[in-house]
Amino acid sequence: MTDNASFLGFGLGLRTEHYHEILENKPKVDWFEALSENYMVPGGKPLYFLDRIRADYPMVMHGVSLSIGSTAPVNLDYLKELKQLADRIQPAWISDHLCWTGIHGQNMHDLLPMPYTEEAAKHVAERVKIVQDYLGRQILLENVSSYASYVDSTMTEWEFIQQVSDAADCLLLLDVNNIYVSSFNHQFDAKAFIDGVPKQRVRQIHLAGHHNHGDYIIDTHDAPVIDPVWDLYAHAIQRFGAVSTMIERDDDIPALGVLVEELDIARQLAAKHTQDFSQRNAA
Amino acid sequence: MRQLAQLQQHFQRYLMDDSQAVDSHALDNNWIVDDTKVGATKRLGIYHNAYRMRIIEALASPYGGLKKLLGPVQFHAIALGYLNRYPSTYPNLRWYGSKMADYLQTVLPHNLVATEMATFEWAIAAAFDAPDVTVVTLQDLAEIPPAQWGELTFVFQPGLQLLALQTNAVPTWKALNDDEAPSQPDHQQHLHWLIWRQQMDANFRSLDNTEATLLAQACDGLSFGALCEKLFETVGEDATLQAAQYLAGWLETEMIADIHR
Chain E
1 MTDNASFLGF
11 GLGLRTEHYH
21 EILENKPKVD
31 WFEALSENYM
41 VPGGKPLYFL
51 DRIRADYPMV
61 MHGVSLSIGS
71 TAPVNLDYLK
81 ELKQLADRIQ
91 PAWISDHLCW
101 TGIHGQNMHD
111 LLPMPYTEEA
121 AKHVAERVKI
131 VQDYLGRQIL
141 LENVSSYASY
151 VDSTMTEWEF
161 IQQVSDAADC
171 LLLLDVNNIY
181 VSSFNHQFDA
191 KAFIDGVPKQ
201 RVRQIHLAGH
211 HNHGDYIIDT
221 HDAPVIDPVW
231 DLYAHAIQRF
241 GAVSTMIERD
251 DDIPALGVLV
261 EELDIARQLA
271 AKHTQDFSQR
281 NAA
Chain C
284 MRQLAQLQQH
294 FQRYLMDDSQ
304 AVDSHALDNN
314 WIVDDTKVGA
324 TKRLGIYHNA
334 YRMRIIEALA
344 SPYGGLKKLL
354 GPVQFHAIAL
364 GYLNRYPSTY
374 PNLRWYGSKM
384 ADYLQTVLPH
394 NLVATEMATF
404 EWAIAAAFDA
414 PDVTVVTLQD
424 LAEIPPAQWG
434 ELTFVFQPGL
444 QLLALQTNAV
454 PTWKALNDDE
464 APSQPDHQQH
474 LHWLIWRQQM
484 DANFRSLDNT
494 EATLLAQACD
504 GLSFGALCEK
514 LFETVGEDAT
524 LQAAQYLAGW
534 LETEMIADIH
544 R
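For the record, the sequence lines run as chains E and C. According to the working numbering, the first sequence holds residues 1 to 283 in order. According to the working numbering, the second sequence holds residues 284 to 544 in order.
Be aware that one or more of the hints could be misleading.
[Said to hold, decoys possible] In silico DSS-like cross-links for lysine-lysine, where the CA-CA straight-line distance does not exceed 30 Å:
#1 E:K83 to E:K45
#2 E:K45 to C:K350
#3 E:K45 to C:K457
#4 C:K320 to E:K191
Since the hints were derived computationally from the structure, they do not count as laboratory data.
Using the sequences and the accompanying hints, generate a full structural model.
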């Protein structure tokens with residue numbers, strides 16, 4: 001399967017607090033990421049604004065309920081609704097998380113980590129193929145922040161991502177903040193993670209903030225991006241070249257202008273480090 | 284090595300079990316990596332806590348009034364109890380919480396205001412994202428020859444709901460929403476409340492018995508002529524005029540999605 005998605009530039013998560021300002025002021029944002037479940041409703045205001053903003057901006061879809069790693073059957077009802085939304089807004093791509101959210105028909109509404117095993121990789125890859133066949137396109141899988149890891153894991157998280165994405169021929173959404181959070185929580189080298197994922201599959205980068213509790217970090221996505229995460233982003237761009245990048249703020253949402261300014265940091269870093277990337281690759 | 288399914292069963296059982304909390308003796312520690320920095324107990328505890336906090340936050344969204352009415356401490360307890368009684372089976376959190384009114388009837392049977400407020404708030408949420416329809420206007424009706432009006436039946440917007448409540452739950456909700464002090468609970472208010480969507484916002488108003496009855500009959504598919512006949516039984520000769528006035532009001536407030544002849 002091939003993918004023709006191009007570099008979209010620098011984007012933000014679409015948030016209800018910003019609807020009016022986006023339509024009235026057309027801010028300096030290249031694209032928006034719509035949270036799929038927010039728009040998987042029968043009608044009303046969310047879809048009204050989604051349609052109008054989509055008319056002015058490219059969009060991608062980002063979900064939390066695919067539960068790609070679950071041992072419960074793939075939820076075809078959910079896939080049907082997801083496809084309907086995709087038919088409506090024609091996103092550049094669709095993403096969800098490399099995790100599971102529940103079994104036996106229950107939903108824990110959390111992005112629960114996978115064991116990094118051959119069995120789990122094979123299982124996820126088979127399900128990704130089902131999803132991609134149904135949707136008629138490759139999907140992006142995002143690495144989650146995690147707080148626990150399994151005794152049964154036989155490989156690193158990035159080796160697991162490599163196995164899953166190669167077997168499924170899917171793409172990747174690299175959340176650089178989540179890499180930082182997980183590296184802190186599990187004491188691994190965050191740069192090794194970035195260096196270890198298959199670079200040709202990375203289509204999108206998330207940047208976000210978190211809450212450091214001293215012994216561990218909780219991924220809250222409710223704060224500005226911190227310097228170590230910016231450093232990791234720079235490292236990622238030096239490896240990957242230009243990747244569609246966005247700031248993901250889920251809580252304590254500030255004014256749109258604040259996020260646009262933060263996004264400009266990403267633009268500047270990317271401009272600097274894609275220059276390095278281009279020079280290195282031209283040599 | 285455990286199978287993936289076993290690990291997931293173990294993890295989910297732990298998350299859903301309220302009695303376990305974070306107790307290292309209750310946990311089978313040989314499936315999660317333990318360490319001296321944080322420890323398996325605390326690591327799993329993060330997920331255990333997050334599961335509950337996320338659901339409480341999700342319930343506070345449609346039930347903001349209920350949360351203000353009960354106060355955060357009691358709402359927190361109610362939400363946890365609801366989660367235990369009705370674990371989520373929904374991919375989308377939007378739909379979680381539909382049974383809150385039923386649940387409150389069992390756990391707070393004397394707090395009728397709370398139960399009715401939950402019913403009201405869920406109806407408001409349903410109106411907010413009900414399917415989109417084009418609406419019929421007064422102008423559209425005016426283009427139909429009056430001789431045909433008797434046979435007309437009406438299709439109402441999907442977000443429209445009629446509630447018969449016995450308490451002052453709705454005025455209480457409004458006061459709390461406006462950050463004003465609500466009145467004392469009144470269990471004898473007995474009003475009909477109409478909830479619908481207009482200009483993309485959920486709206487509500489009380490109806491007198493006459494309009495509530497007429498609207499329910501219209502929703503059931505009675506023709507305009509039949510509605511007038513029914514209304515005649517209560518109001519006499521003014522029935523047709525009154526029915527037309529009600530109908531005009533419904534059209535002006537975007538309640539009607541279609542007219543069938």
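Would you check the hint for C:K320 and E:K191, treating anything up to 30 Å between C-alpha atoms as holding?
-> holds (21 Å)
Holds or violated: E:K83 to E:K45, with C-alpha atoms at most 30 Å apart = holds (20 Å)
Straight-line alpha-carbon gap E:K45 to C:K350, limit 30 Å = holds (24 Å)
Holds or violated: E:K45 to C:K457, with C-alpha atoms at most 30 Å apart | holds (21 Å)
Going through the hint list in order, the structure satisfies each hint without exception.
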